[in-house]
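**Q** Sequence:
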Amino acid sequence: MTMTGEPRAGHPLGADDDAGPVTARDAVNSMIEAGLLDQLMSQVDAGELALTGDGGFLPEMIKAVLERGLAVEQTAHLGYEKGDPAGRGTPNSRNGTSPKTVATEVGDVALDVPRDRSGTFEPRLVPKGSRRTGGLDEMIISLYAGGMTVRDIAHHLQRTIGTELSHDTISKITDSVLEEVKAWQSRPLEEIYPIVYLDALVIKVRDGHQVRNRSAHLAVGVDLDGVKHVLGIWVQAAEGAKFWAGVCAELRNRGVRDVLIVCCDGLSGFPEAIEATWPQSIVQTCTVHLLRAAMRFVSYADRKKVAAALRPIYTAPTDEIARTELDSFASSSLGKKYPAAVATWVNAWERFIPFLAFPPELRKIIYTTNAIESLNYQLRKIIKNRGHFPNDDAAIKLLWLAIRDIEDKRARARAKEKGLPANERKAPGRLVEGAVVQGWKQALGSLALAYPERINPYLT
Numbered sequence: 001m002t003m004t005g006e007p008r009a010g011h012p013l014g015a016d017d018d019a020g021p022v023t024a025r026d027a028v029n030s031m032i033e034a035g036l037l038d039q040l041m042s043q044v045d046a047g048e049l050a051l052t053g054d055g056g057f058l059p060e061m062i063k064a065v066l067e068r069g070l071a072v073e074q075t076a077h078l079g080y081e082k083g084d085p086a087g088r089g090t091p092n093s094r095n096g097t098s099p100k101t102v103a104t105e106v107g108d109v110a111l112d113v114p115r116d117r118s119g120t121f122e123p124r125l126v127p128k129g130s131r132r133t134g135g136l137d138e139m140i141i142s143l144y145a146g147g148m149t150v151r152d153i154a155h156h157l158q159r160t161i162g163t164e165l166s167h168d169t170i171s172k173i174t175d176s177v178l179e180e181v182k183a184w185q186s187r188p189l190e191e192i193y194p195i196v197y198l199d200a201l202v203i204k205v206r207d208g209h210q211v212r213n214r215s216a217h218l219a220v221g222v223d224l225d226g227v228k229h230v231l232g233i234w235v236q237a238a239e240g241a242k243f244w245a246g247v248c249a250e251l252r253n254r255g256v257r258d259v260l261i262v263c264c265d266g267l268s269g270f271p272e273a274i275e276a277t278w279p280q281s282i283v284q285t286c287t288v289h290l291l292r293a294a295m296r297f298v299s300y301a302d303r304k305k306v307a308a309a310l311r312p313i314y315t316a317p318t319d320e321i322a323r324t325e326l327d328s329f330a331s332s333s334l335g336k337k338y339p340a341a342v343a344t345w346v347n348a349w350e351r352f353i354p355f356l357a358f359p360p361e362l363r364k365i366i367y368t369t370n371a372i373e374s375l376n377y378q379l380r381k382i383i384k385n386r387g388h389f390p391n392d393d394a395a396i397k398l399l400w401l402a403i404r405d406i407e408d409k410r411a412r413a414r415a416k417e418k419g420l421p422a423n424e425r426k427a428p429g430r431l432v433e434g435a436v437v438q439g440w441k442q443a444l445g446s447l448a449l450a451y452p453e454r455i456n457p458y459l460t
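Mapped onto full-length UniProt numbering, the consecutive letters of the sequence shown carry residue numbers 1 to 460.
Treat the hints as calculated values from the structure; they're not laboratory data. We put the beta carbon where it would ideally sit given N, CA and C, even for glycine. Don't take each hint at face value.
Label-pair distances were calculated between CB atoms; the ranges are [said to hold, decoys possible]:
1) 393 with 152: 18 to 24 Å
2) 357 with 167: 53 to 59 Å
3) 357 with 391: 41 to 47 Å
4) 57 with 128: 24 to 30 Å
5) 319 with 393: 20 to 26 Å
6) 421 with 246: 28 to 34 Å
7) 168 with 378: 27 to 33 Å
Given these sequences and hints, build the entire structure.
**A** Below, the structure written as structure tokens:
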């Protein structure tokens, strides 16, 4: 809850007559200077006063502020102060109060809400039918975005601030963002994204009486300024080409007219869907995923040797030399020992070699989906303790909230360090949304040379 006011000279906060509105920090500083806060905390330390919970100082303070605000609203509605003779004979008047309990960030608060005789008073500070302050809703959504289940949140609120909310109420609070999620998922996009990364994480979703593994795919597009944007989240219900055809059609309908390069992990059906929607697009298999797939067949003792033997393939200057290196590995003792690892590269060859046609400054941007893997790593930490989701929408809702929450926390950490020398800043940068690709100017130059007729019209 944000509290502001306009006290002036002669009032406890001691502001000057010409000063602007007093901030919450000003108010706290004035209390410290007057010794009020020390007195309060000494009572807390002595066990004479509780800060939160039933009868605590903070709930009582919120009660006083809300009731004072409601009284001011009623005065504005009636047009005269309480006890003012000018109110005699008016068609409406005060008519006592009604009890109401609202849940807040510091616990339940019992209010006496003023009434009027005509029943026309509609308070805005605590609207009719509202049983929670806005800050509590934000707290619940933040806890949900952090990975807590509805049951966990209910227990946490009861244990920490003494507020009991039903599971249904908490679910409705988190569902309040669904419209915002849908608006985000259907928002208009840029006409061209030079590079799009696509990666997935496995989630568990209830399907009837069973819980099944599904893939939640996130698409990250890099715009012409080199800025990354999360384009959407899709939970794969259908298989292969049919699913990806729907995703590509959705992106096309949202305004994407062209994509130059799509970097993914060899998803079944995706190359065909991309080429059907954007025929000139290149689908690049992520080299890191390809290495992992090959390493599945290699014993732990030989992994370092195999990794060293494979390195000349994906660092080769041309696709011809890369093929020579692959043949050399296949005929080596390691290649003969692990033919399945060789087959992994052979089967993915046509989708692996496109990036070898580009200069190093562009290669390092498109050879892997690491740009999105760091995001998926953070999301996996959030969803690992949830068990399963009741449906696809619930999964998308949590992933969207988690992304927003991660970026908000990082932004707040950076704001705290604003003004510090660069060598003293420790706050992390943007995770994905709004982050700028390093070395983008050189990479964009390479793309402009390779695809002048497709990219140059958007650069003027």
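**Q** Evaluate each hint against the coordinates.
**A** How the hints compare with the structure:
Checked against the given bound of 18 to 24 Å, the beta carbons of residue 393 and residue 152, roughly 20 Å apart, stay inside it. As the Cβ distance of residue 357 to residue 167 is approximately 55 Å, the hint placing it in 53 to 59 Å holds. Separation of residue 357 from residue 391 is about 43 Å and conforms to the stated range, judged on CB atoms against 41 to 47 Å. The given range of 24 to 30 Å is respected by residue 57 and residue 128, whose C-beta atoms sit roughly 28 Å from each other.
Between residue 319 and residue 393, the C-beta spacing of about 43 Å breaks the proposed range 20 to 26 Å. In this structure the hint that residue 421 and residue 246 lie 28 to 34 Å apart at CB is violated, the actual value being about 50 Å. The supplied range of 27 to 33 Å is met by residue 168 and residue 378, whose beta-carbon atoms lie about 29 Å from each other.
Of the hints listed earlier, those the structure fails to meet are numbers 5, 6, in rising order.
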